[in-house]
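Enquirer: Next come the chains, spelled out residue by residue.
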Amino acid sequence: MTEPAQQSETKAQDKGIEVGISKLDVERIEKVVTGVLKGETGARLKAYVETCIHCGLCSEACHYYLSHDKDPHYSPVGKVKQTLWEMIRKKGRVSPEFIKTAAVIAHTECNMCKRCAQYCPFGIDIAYIISVVRRIIHRLGATPLYIQDTAHSHSVTMNQMWVKADEWPDTLQWQEEEAQAEIPTLRIPLEKEGAEVMYSVIGPEPKFQAQLIYQAAIIMDVAGVNWTMPATIGWDNSDMAMYTGDNELMGRIKRTHFETAARLKVKKIVMGECGHAFRSVYDMGNRWLGWKMPPIRIVHAIEFYYDLLKEGRIKIVKKFDQPVTLHDPCNVVRGGGLGEKSRYVANAICEKVIEMVPNYEHNYCCCAGGGVINCGPPYKMTRVNGNRVKAEQLFSAKTKGAKVLIAPCHNCHSGLHDIVHHYGVGLDIKFFADIIYACMEKPEATEA
Amino acid sequence: MVDTTNWDWSPGEKRIAFGEWAGKYRWVEEPAASPDGETVAAIVNIDEGEFSVCANGEQWESVFDKIWHLRFSPAGRLTALVSETGEWTVAVDGSPWEARFGYVWNPLFSSSGESIAVAIQQDMQYGMAVNGAAWQDTFANATYFILSPDGTRTAAAVQTVDFDSGEIHKFQEGTFSAALDGKPWDANFVNVWSLAISPDGSKLAAEVRINLYEYTIAVNGKPWEKTFSCVWEPAFHPTRNSAVAPVREAGQWTLAEEGSPIWQRSFVQLWQQAFSPDGSRLAAVVAPRYGRWTVAVDGSPWSVTFADMVTDVVFSPDSRRVAAVAKDGEIYKVVADGSAWGLALDMAWQPVFSPDGRHLAAKVEKNGRYTIAVDGRLWDRECQAVWDPAFSPDGSLVLLKSLEDGVYFRRVIPVADIAG
Ligand code: SF4
Ligand code: SF4
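The listed protein sequences derive, respectively, from chains F and Y.
Start counting the first sequence at 19; every next residue gets the next number (this note's numbering).
Start counting the second sequence at 11; every next residue gets the next number (this note's numbering).
Don't take every hint at face value.
[To be verified] A few chain F positions that, by computed beta-carbon distances, are all more than 10 Å from chain Y:
1. L63
2. K64
3. V67
4. T69
5. E104
6. P114
7. H156
8. D188
9. Q198
10. P376
11. V407
12. V443
13. E462
[As the list claims (entries may be wrong)] Looking from chain F toward chain Y, a few residues come up when the C-beta cut is under 8 Å (computed):
14. S149
15. S173
16. V174
17. T189
18. T250
19. E266
20. A280
21. G308
Derived by calculation from the structure, the hints in this document are not laboratory data.
Backbone N, C-alpha and C define an ideal beta-carbon position, used for all residues, glycine too.
The shape of chain F in the complex, shown without the other chains:
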């Protein structure tokens, strides 16, 4: 159960919000709110506001609501009532304290996972409404500190983790050297113009998880993929500006990513196991720039592994023998329709896949997505307490025999780690690539 007093204490320490609201007054807030509502939102928001009948059918969809014993504060429509509707009702004349609450709700109590849109009889997309609230919070300068810092990192380096321009190719060369101990002729081809595939990752990979780049290089090499990685900015497909409502910066990051692929003359961009990045390249960022669809084909890692396994380009020597359960990341399964392909991959590489319930597009969010985990340690317990139902869902899969949890998304991975740890679920969490790398056929590690 949650401990509200303690929570609000930790939240009060968010300097991003505190300093932000200290500079606000009602007039300034009114100007920004009306500016965003009149200048940037159109028929869609109007239709949502006019259509919602406050029936509350969306409530049962939300893991926060379910995890808080159906506290209406956490229901999707409740979150909108406490934020945007109040701003509309008061014509933008709300207090700085109100903005503080709105910032906490919009940034840490909604993952923009869109599960609730499936339960609303009118298909009202609460995630979109929350994104409008975040846009207002951004324009007011009251975004939580950690995610704002990440947006600053994007703005300077075009990556999420303040990775400097030399550190990126240097890391790739280091991983190439490491992988050559396993396959002596392996290369991570940098700046190879005209390759079939540009492989792009998210900032934390070179910073903390370089073994994922190593594993990807082995998979690419063994599968004989004609691939490259850029040595310039544009290598990072992640985008926290999408979640802070800094649309202009989101567009800049996506433009850099796509123009890098266009410069390298690749046919497609294969991206690692990340969900929010998929949303940013496949839906949000490209569209803000005027592209209906991504200008260069985007292939998420799940689809890429599916193709490689189906075409026999990588072979599994011995299937992973521990029973696994499979998490469906919202952005690639509900948002990208990759549920079937994800199961094909899981079954191709694992002996036993135990479905969690609910699954596919009805799966519960990890509670890390939507930028919530990026709001940092002050909100860790908001995420963990807000997703007791996930823990219950995982326990149930474990009861059926699952020992390993596959989470093909970085944010899900980290968020589920906290949940598994806090609730003592006792599941080992892996990416698809971890298992593929461990179980695939590789050339003997001898001198070429």
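Following the hints, position chain Y with the ligands against chain F.
Expert: Same frame as chain F, now just chain Y with the ligands:
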């Protein structure tokens, strides 16, 4: 520009047995061909941690721990980024610069190819080096490196104020500037992106973010008076020395010069503007409506539009013609003056005009093989690799560089042999 008059323009064929190198090395990397086509070169791996470069079958005398980014400069000098005992530098035709650095990357060439610049990191401080000489001042971070077309000046966005990650409000006060030849502007900004140096070398322009919401162009540290909700990269007029950049207002994009709009209409998107060589015309990639892309010249979009993207806009040397590459679904097209060639391609590279502007050629990929297209017609050879074509000074001949069954070919043939 590179003078091509002294290249060998006699029609005929030269061959180099590139494929044979594979037998001599553990591996041979992607080949590079010199602009005049006389040399083909590749990074070669001799043994674990032993790399060299092989050019026309001759190996460089020097061997390095690691080599990457092998490129010919426009003047035909063969450059690579090389490492020895943990230090990095640039090697030119096999000779490394004397200066060594913690890391080097992002090599840049002047348009004549005589000047070579590179980004450097030394002791976690950042700067640039030109022809082996490093900036005197270095910075805690640097991005968006450029070299002026004449090769005399370098510039980058640089961090001028220390801040730790998490110090968001300090960052928002402005911790970045732009440095010309290593000397930063007096003014700091929240962000500095996409720099440009004026043709006379006197001005440095950059996109700047003044606070989290206001964007504009700064020239020599002074922002335009007007700010915008977003801007893209500035470009200098070739003779007026004034900066022109795409600017966003009320959700639409247009072009502004020194802060004032110069095109009558606005677009859903607008970027990659390019001046004609004589400065009389200005083209840009635009989206006249959501999800449709084309080129606009002096504000007027071509009537033909494409679904996915338009790139590689280029003017003919005589400034009269404009060409670009367009993508529609999975199909690439070459477009000249508003008409797409009738070729559905797997990929197309930036087209090349003949000096008189009469002919247009491009490296293209079709059915997984590479060839050259001239004036909308394909050369009848399907190759493992080709490089950008070049026209003879009188425009009657075309230089073709290709790799076919492991053999590198340099051919000079009449343009009419392909174009008909
Ligand atoms: S977390 Fe998901 S289900 Fe809950 S309100 Fe937000 S979008 Fe809806
Ligand atoms: S289900 Fe739809 S109509 Fe009902 S309260 Fe939720 S958003 Fe409003």
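Enquirer: Take the hints in turn and mark each one as holding or not.
Expert: The hints, checked one at a time:
1. L63: 15 Å, holds
2. K64: 17 Å, holds
3. V67: Holds, because the least Cβ-Cβ distance between V67 of chain F and chain Y comes to about 21 Å, which exceeds 10 Å.
4. T69: The claim holds: T69 of chain F sits with its nearest Cβ about 24 Å from chain Y, beyond 10 Å.
5. E104: Its Cβ never comes within 10 Å of chain Y, the nearest being 24 Å, so this holds.
6. P114: 16 Å, holds
7. H156: Violated, because the least Cβ-Cβ distance between H156 of chain F and chain Y comes to about 7 Å, which does not exceed 10 Å.
8. D188: 6 Å, violated
9. Q198: Incorrect as stated: the minimum Cβ-Cβ distance to chain Y is 8 Å, not above 10 Å.
10. P376: At about 35 Å from chain Y, P376 of chain F clears the 10 Å cut-off, so the statement holds.
11. V407: 32 Å, holds
12. V443: 31 Å, holds
13. E462: 16 Å, holds
14. S149: 16 Å, violated
15. S173: 5 Å, holds
16. V174: With a closest approach of 7 Å, the V174 of chain F hint holds.
17. T189: 11 Å, violated
18. T250: 7 Å, holds
19. E266: 4 Å, holds
20. A280: 5 Å, holds
21. G308: 4 Å, holds
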